Amino acid sequence: MKSRTGKRRYTVIGVLLTAVMLFPVYWMLNVSLTPQQDMRKSPPDLLPLHPTFEGYRAVLNDQLPYLGTSLLIGLGTVALTLVLAAPAGFALAKLRPLGGGTLGLALLVAQMIPGIVMAMGFYGIFLDYGLLNSWWGLIVADSTIAVPFGVMIFTAFMSGIPGELISAARIDGAGTWRTFVSVVLPVSRNAIVTVSLFSFLWAWSDFVFANTLDGGGDLRPITLGIYKYIGNNNQEWNAIMATAVVASIPAAVLLVLAQRYVAAGVTAGAVKD
Amino acid sequence: MRNPRRTLLAAMATAGALTAVAACGGGSDSSASGSGSGKSGGTYNFWDPYPQFDASSAWGKLVGKCGTDAGVKVKRTSMDTTDLGNKALLAAQQGNAPDVMLVDNPVVSTLVEAGILNKTSDLGLDTSSIQKNILGAGVIDNASYGVPIGANTLALYYNKKILTAAHVDPASVKDWASLTAALKKVKSAGKKGITFSAINTEEGSFQFLPWFWGAGGDLTKLNSAKGVAALSLWKQWVDGGYAPKDVLQNTQTTSWQEFATGEYAFSENGTWQLGNADKAGFPYGVISIPGQNGGSAPVPTGGEFVTVPVQKDSSRYDVSKKIVTCLTNSANLLTTDTTLTYVAPTAAVQAQQVAKNPELKPWVGAVAAARGRTSDGLGTKYPTISQPMWTAVQNALSGGKSPQAALDAAQTAAGKG
Amino acid sequence: MTIARVDRRSQRSPARSGATGTGHRTSASDLRRRQRRRSRLTALAFIAPLIVYLAAFYLYPLYRNLDLSLRDYTVRSFVQGNAPFSGLDNFRTVLDDPTFGPAMRHTVIFTFASIAFQYAAGLALAVFFNRRFRLAGTLRALFLIPWLLPLIVSASTWSWMFNSESGVINYALHLVGVSPVDWLNSPDWALTSVVIANIWIGIPFNLVILYSGLQNIPAELYEAASLDGAGAWQQFRRITFPLLRPVSAITLLLGLVYTLKVFDLIWIMTKGGPGDASSTLATWSYQLGFGTLLPKFGPGAAVGNILILIALVFGLLYIRVQRRQEA
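Residue numbers (my numbering), protein chains in the order written: chain A, 1 to 273; chain B, 274 to 690; chain C, 691 to 1017.
Excised from the complex, chain A in its bound form (with noise of 0.2 Å):
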């Protein structure tokens, strides 16, 4: 009985917890519900006591094409990092190559450099390639976002896992590649789902590649359509933040779905070395 109550007394700190962090984003669904002339109305309307929808008809007219860009480009920016990271972690982790050490430096110092230099850096070689503007592109330039701390993640995770387990397969003869696909992926799930969660959040929300390499293709994802509405001399928020909202559901609805397999072990192996 107590501890019933106890733990109903957890759920209703947690929702007023969530409420207060989500606070903004309710301010930005309240925003893209405001009509133009009550944009800077002070004292501001903390409920949308006059909405318009203007700025829903305006993305759902204008921006599904983007929406369906970036969930694409997202999902490719997974596929390349888990293919990249997958192994390159069991290796660290596993199979200790020479220069393992110089790596994991070498990631910590991939991940130091700004966007912007990456972005420029990236500009002539996307160019002489045929890379620039264009989705697959811009998969390759999300992925730099996340194939290192991905790598992190899969050597911390994979080192965790039983030596007993592979000399098992070993033993029944599998080469390494087979232990690899056969043993170790299956018993990584949930640093596959981290990391692919990390990296489709991050090509979701990326903008400086985007802007640089992808700004006048064909297919363009959700972050640049935002532009459409930052005109040269004129800003509609409405429709800015009306779009961010429709943009937060299908994300929002994977975190959900996935959450569950990011909790479980994902570093195992930091706690046992």
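In case anyone wonders, no lab produced these hints; they're calculated from the structure. One thing to keep in mind: the hints can contain errors.
Under the rule of at most 30 Å between Cα atoms (straight-line distance), these lysine-lysine pairs were calculated in the DSS-like manner [to be verified]:
id : chain 1 : residue 1 : chain 2 : residue 2
1  : B       : 433       : A       : 41
2  : B       : 674       : B       : 494
3  : B       : 405       : B       : 634
4  : B       : 464       : B       : 508
5  : A       : 41        : B       : 458
6  : B       : 552       : A       : 41
7  : B       : 464       : A       : 41
8  : B       : 434       : A       : 41
9  : A       : 41        : B       : 457
10 : B       : 405       : A       : 41
11 : B       : 457       : B       : 447
12 : B       : 460       : A       : 41
Small disclaimer: the values here were computed from a predicted structure and weren't measured.
Assemble the complex: chain A is given as a structure, and chains B and C must be docked to it using the hints.
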């Protein structure tokens, strides 16, 4: 245990394959450099700072039509105006500059300095019918580098209802003293005074210039007594509560949104807000910005220029020239400038505009009296002055420095270039 | 089968078996050597794509940035090339600039304040959500929403909330009788405002990583502790916090590296203003290169490199601490 050498080879092959697929996949015309010869049937790249106009808008269709009239397909990319200059430099570095580009006028001098724009005379473009002071923003070292698509400038919008209620006659606002007095009356009547933009970008400088020039200030000497007077005027308003503190974050759009709430008596804003003014929901009027001791303050010209960047293949210029001529012929100028609510750059089209919309008359006069920011031989010195200037405005209005100290620091920074 | 293969190999290469005495011992050490080389090649094969990727996509931008900072680039030479080598001139210009001191100071404050609060909040929330009450999973997922909003939206929303005239935060303060604060306009508050917004954005990252770290602490330890009569705070101090140390270390380090890079948020909220009251090295670097009408690429790149150097120092520190712990 499989052969590790084979595994290694397989891995390298995968890496190579990924890169190859990416490169091959991009083989189709996804790179931004134009294709085709200078003759008919190629693709020409066109950049402008109007992302609010998509392909189905009047402007988008006009651009496309000018292309097809010249026998080519136009690929139009619009982006934020502050980005455009930087992207142009980056693109030009890689030999990827667009064929025709609209840029905000103070950026022209930077692009000319970088050597990426063609002279209009080299292209054979006729700029004789364009008003000199409007053309002037794109003139560097006596050569013109672009054709203006239209011009705009600043004035004071006022809310008739508030002024009547506060017993202020707009005709009485003739100089700074009378303006401040009017603001005082409005405040004691319970409303808010004036809103403008003092943000730390070129917009902030743009809005500060009428006051700076209205005091007789000279951009090469920011910390003269005249400059300090102008900055002190703004500071006095903010400190006295006649202007809101958030002018430091306001863009010209958010400043307009404040005015549109109906709480403010005055707003310093531009020609392009005329369309919004009609939607404001209260009767409004327009007066020119007063000079310190009377008369109209000199105001800066705004507006974009159509430019033709340098290309490796000079046979492309023929078509680019046709596109530019098409965009800037009288009929198209009238349509475009009506959409953008800019003042046309030629007297003939201006007359047509005023005939259609008499409200534009004072604006036409204002533009005629306006000055280019990069004119008077300033050229690329202007950006090195403008940035310290907006920083000084920010420092003074936020209370970080006194107006004199702020402008002294600005003059030192501008001197260093 | 393996042994048979080894024997065949040792028969094929009699020269090897010479120096070390009996044939049997030779083939064993041979086998070890070959296995080691085989496994090393395999390991190399697994990380080869990553190495190629790192070299192509990180080395090149780094090199270009270094080049930009070591040469005297004007807009003309940026476009056309042939910029003269200028050594450390750009760095000297940057260090002499009056903005350098404030930018450095603000970077330190911004970074450490952000990380401290993000970490503390993330940890507290992780521990809280670890209690498995109803809706814990859903609420925890909802906490990640700030992270998936495009930065222009989050930053703009916070700007609006902080607006001194029509912002909801000043309105709330007004309701409890506190006079309005010039969050974004005053040199005293501008930095605080961007720190607050940055903390909000950074909490989800800390929450996710720390929460997963918590999952690895065996529940039995807590059960044993509560049987011994330890309270919640003691359990935290004695069990949770120490066992979480490696995860905390990596979270803090990554938090530091990511926060040093933060520029979008500050740029959208204040552009480093008013004046340079909220300028950090990251925003200053951008402003020099892209925030004016006449870009100064050299100094901009120099500031960028200084930023990377600072991050590198902390990275090396982390590795040294980690190595000492493992030893």
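List of violated hint numbers, smallest to largest: The structure conflicts with hint 10 only, although it agrees with all the remaining ones.
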